[in-house]
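Enquirer: Here is what each chain is made of, one letter per residue.
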Amino acid sequence: MLRYVLRRLTLLIGIVWVISVGSFYLIHLLPGDPATVILGTGASPANRAILYRQLGLNKPIIEQYFVWMGNILHGNLGTSFISETSVASTIRTALPIDVELIVLSQILAFAAAIPLAMRSARKPNGVLDRILSAGSFTLLSIPSFIIIVLLVLVVSIKLGIANTGPSSYVSLGSDWVVNLESLALPAFTLAVGSFVIYFRVLRSDLIATLQEEFITMARSKGLRQRRIMWRHAFRPSSVALLGAAGVNIGGLLAGGFVVEYLLGIPGLGYTLITGIASSDYLLVQGIVLVVSVGVVLINFVFDFIISVVDPRITRE
Amino acid sequence: MSTQLLVVDDLHTTFRTAAGLVAAVGGVSFDLATNETVGIVGESGSGKTVLARTIMGLQPRSNVEVRGSVLLDGHQVVGASEREMRERWATDVSMVFQDPMTSLNPVMRIGRQIDETLRVRLGMDKRAARARAIELLAMVGMPSAEHRYRAYPTQLSGGMRQRVVIATALACSPKLLIADEPTTGLDVTIQAQILNLLDDLKEQLHMSVILITHDLGVVATRTSRIIVMYAGRIVEMGATRDVFFRHRMPYTRALLESSPKVSNPSHTRLRVIPGRPPNLSTLTSGCAFAPRCSSASERCHQERPSLEPAEEPGHVFACWHPLAATELHEAPR
Ligand SMILES: Nc1ncnc2c1ncn2[C@@H]1O[C@H](COP(=O)(O)OP(=O)(O)O)[C@@H](O)[C@H]1O
Ligand code: SF4
Ligand SMILES: [Mg+2]
Chain A
421 MLRYVLRRLT LLIGIVWVIS VGSFYLIHLL PGDPATVILG TGASPANRAI LYRQLGLNKP
481 IIEQYFVWMG NILHGNLGTS FISETSVAST IRTALPIDVE LIVLSQILAF AAAIPLAMRS
541 ARKPNGVLDR ILSAGSFTLL SIPSFIIIVL LVLVVSIKLG IANTGPSSYV SLGSDWVVNL
601 ESLALPAFTL AVGSFVIYFR VLRSDLIATL QEEFITMARS KGLRQRRIMW RHAFRPSSVA
661 LLGAAGVNIG GLLAGGFVVE YLLGIPGLGY TLITGIASSD YLLVQGIVLV VSVGVVLINF
721 VFDFIISVVD PRITRE
Chain B
87 MSTQLLVVDD LHTTFRTAAG LVAAVGGVSF DLATNETVGI VGESGSGKTV LARTIMGLQP
147 RSNVEVRGSV LLDGHQVVGA SEREMRERWA TDVSMVFQDP MTSLNPVMRI GRQIDETLRV
207 RLGMDKRAAR ARAIELLAMV GMPSAEHRYR AYPTQLSGGM RQRVVIATAL ACSPKLLIAD
267 EPTTGLDVTI QAQILNLLDD LKEQLHMSVI LITHDLGVVA TRTSRIIVMY AGRIVEMGAT
327 RDVFFRHRMP YTRALLESSP KVSNPSHTRL RVIPGRPPNL STLTSGCAFA PRCSSASERC
387 HQERPSLEPA EEPGHVFACW HPLAATELHE APR
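As they're listed, the protein sequences go chains A and B. Residue numbering for the first sequence follows the working numbering, starting at 421 and increasing by one per position. Residue numbering for the second sequence follows the working numbering, starting at 87 and increasing by one per position.
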């Protein structure tokens, strides 16, 4: 177990290092002098000088990388010349919104997917299973922006439920009730996509697991269906589910921007889009770095959970 | 009157599959006395496992038709609901499954797998169940049982896993234990250990046992009676010594000759039974063994022989051209 974790950890550090080189290089990949890329063509010589000092642009590129890396390790992602605020503090405000949104959506998705997958798997091709499978397939084909638009039309406009429409976001700290209301629709929308994935993955693995001999043995011990499902079938069927969740949650961190942008929720995705629109490359670079590392970390955590759930994995 | 723990009468189990009906068990009748051990032998595919599961009422419920009667301790199993059977499994009847590699939950500690039966079925509290599970593990010969209680199945050898399966099956002291090829996947020395263990436990716990195997050598010294199955039917049944020494059915002889423990390896080469077991979805009206039988006649292909009594009490066989009723074999070693 320890060796497994150490091995994964080495890999993790390797990947994070590659990501850091990649995002560092991002600025240099763009055509033209980095200072011009970052500041725009009309920059004053004074600003250029500040930037040269901040990024060490007059030094060799390897040294620049170490300067940049050293700054990052101190939590310093640079100061945006566009908004004149530190990139790190912008990210610190935006990131918790994504975390909250993802947590809410995942609670909804799992709470629906697990019991429904169990119901479905109990009688594969039964009436309920057919309805759920067809329903989830339909949901899969609806893009999230359509879902959010429909939800806003029905819930916020037609039903007139307050604090659910666009631009009603209020931070968790200022009023948590309104905050939850304002995140209800986007969380639900993200949950729909996640639900479909989780339901389908878990259903098919449960169906396979329920064929196993150890399930027959569990029955022959006189255990109830419910107990067999939760205690015997669920855990060995959840490896693919957890793998899918790791990838999916990483994807939400990187790709929640559609929903955020449509509803004006100032999370990372929203900030990234505004950053790109205003050519704020330091901000873009910072968000790319944080999101990439976040995705890798999430997958690492899920790999670890999987190895706990299924001890066969760490033992090859 | 009933000293019979189990009375099986004209039992049929038929699967509806895409390829048609599969008559896995085709009219089986036998009984089993309290404290008796009976062996069921037959090649792989002869319907032993299906018969065992039907007796337990453990078949999957869809696409299966079960007809006939199974009286277990006076109560009918055929047609009983899953809920009714749940009350009887583990306490009245339990099973040692064929493959200890697949019959234990791979992601659950073995101790939990044993003590959940105790808790759910006998209502023991956590502590008592744990203590009893460790006792059971020790009883089936698990070294350092207390420590192994926390092991996962993958950390144990095949023989040790089978001991866990046996401990689980015995947890609620069943009246009938069905051991379905309990040693097939294990190596020879472990096989003997497991079979001896089952023998000892049977005496200790006053159980009746059905010992299923494809190898007559396994049941030679451990059963009072033997049932020989072919293509879902009983083709010969009798006291163990009669089946070994005075069998009448060519298939029984072929089984004996193919058993490594019965035929003497230094004198005879092991004979495999030529041909393959029949396809159960296309059984004809004749003797199912006819295509592989050297004594088969025209009649064998047309008409199925029914079970007829031999001279010895309780010995029956189904064959139009039975072997001579003389001592046919040396004693098993
Ligand atoms: N669920 C099932 N559906 C269809 N056929 C089955 C099923 N289970 C068993 N069978 C068939 O029943 C026959 C007897 O199988 P089995 O009882 O496992 O034989 P044995 O235990 O003697 O090796 C086999 O031909 C097998 O293919
Ligand atoms: S009935 Fe005929 S085919 Fe069947 S075992 Fe006897 S001799 Fe062989
Ligand atoms: Mg079998």
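Simulated from the structure, these hints should not be mistaken for laboratory data. Every residue gets a Cβ at the ideal spot worked out from N, C-alpha and C, and that includes glycine. Possibly wrong hints are sitting among the right ones.
[Said to hold, decoys possible] Which bits of chain B does chain A cover? Going by a derived footprint, with three or more residues having C-beta under 8 Å, they are:
| # | stretch |
| --- | --- |
| 1 | 101-109 |
| 2 | 173-181 |
| 3 | 273-281 |
[To be verified] Some chain A residues judged to face chain B by a derived CB distance under 8 Å, without partners named:
| # | residue |
| --- | --- |
| 4 | Ser591 |
| 5 | Leu592 |
| 6 | Asp595 |
| 7 | Thr636 |
| 8 | Leu643 |
| 9 | Arg655 |
| 10 | Pro656 |
| 11 | Gly714 |
| 12 | Leu717 |
| 13 | Asn719 |
| 14 | Pro731 |
Enquirer: Please go over all the hints and tell whether each is borne out by the structure.
Expert: Outcome of the hint check:
For the stretch 101-109 of chain B, the proposed coverage by chain A is not satisfied: 0 residues have a C-beta within less than 8 Å of a C-beta in that chain, short of the threshold of three. Here's how the stretch 173-181 of chain B fares: 7 of its residues keep a CB closer than 8 Å to some CB of chain A, so the rule of at least three is met and the hint holds. Only when three residues or more bring their CB closer than 8 Å to a CB of chain A does the claim for the stretch 273-281 of chain B stand; here the count is 0, and the claim is violated. Taking 8 Å as the C-beta contact cut-off toward chain B, the hint placing Ser591 of chain A at the interface is violated, the least distance being around 41 Å.
Checking Leu592 of chain A against chain B by beta carbon gives a least distance of about 37 Å; that is not within 8 Å, so the hint is violated. For Asp595 of chain A, the interface hint is violated, since its Cβ never comes within 8 Å of a Cβ in chain B; the closest pair sits about 44 Å apart. The closest approach between the C-beta of Thr636 of chain A and any C-beta of chain B is roughly 7 Å, which is under the 8 Å cut-off, so the hint is satisfied. With its C-beta approaching chain B no nearer than about 6 Å, Leu643 of chain A sits inside the 8 Å limit, and its interface hint holds.
About 5 Å separates the beta-carbon of Arg655 of chain A from the nearest beta-carbon of chain B, less than 8 Å, and the hint is met. Annotation: interface hint on Pro656 of chain A holds; nearest CB of chain B at approximately 5 Å, less than 8 Å. Evaluation of the Gly714 of chain A hint against chain B yields a violated restraint, the C-beta minimum of about 29 Å exceeding 8 Å. The criterion of a C-beta within 8 Å of any C-beta in chain B is not met by Leu717 of chain A, whose closest approach is roughly 25 Å, and the hint is violated.
Hint on Asn719 of chain A is violated. Least Cβ distance to chain B is approximately 21 Å, over the 8 Å limit. Restraint check, Pro731 of chain A versus chain B: the minimum CB separation of about 5 Å is within 8 Å; hint holds.
Hints 1, 3, 4, 5, 6, 11, 12 and 13 from the list above are not met by this structure, while the remaining hints are.
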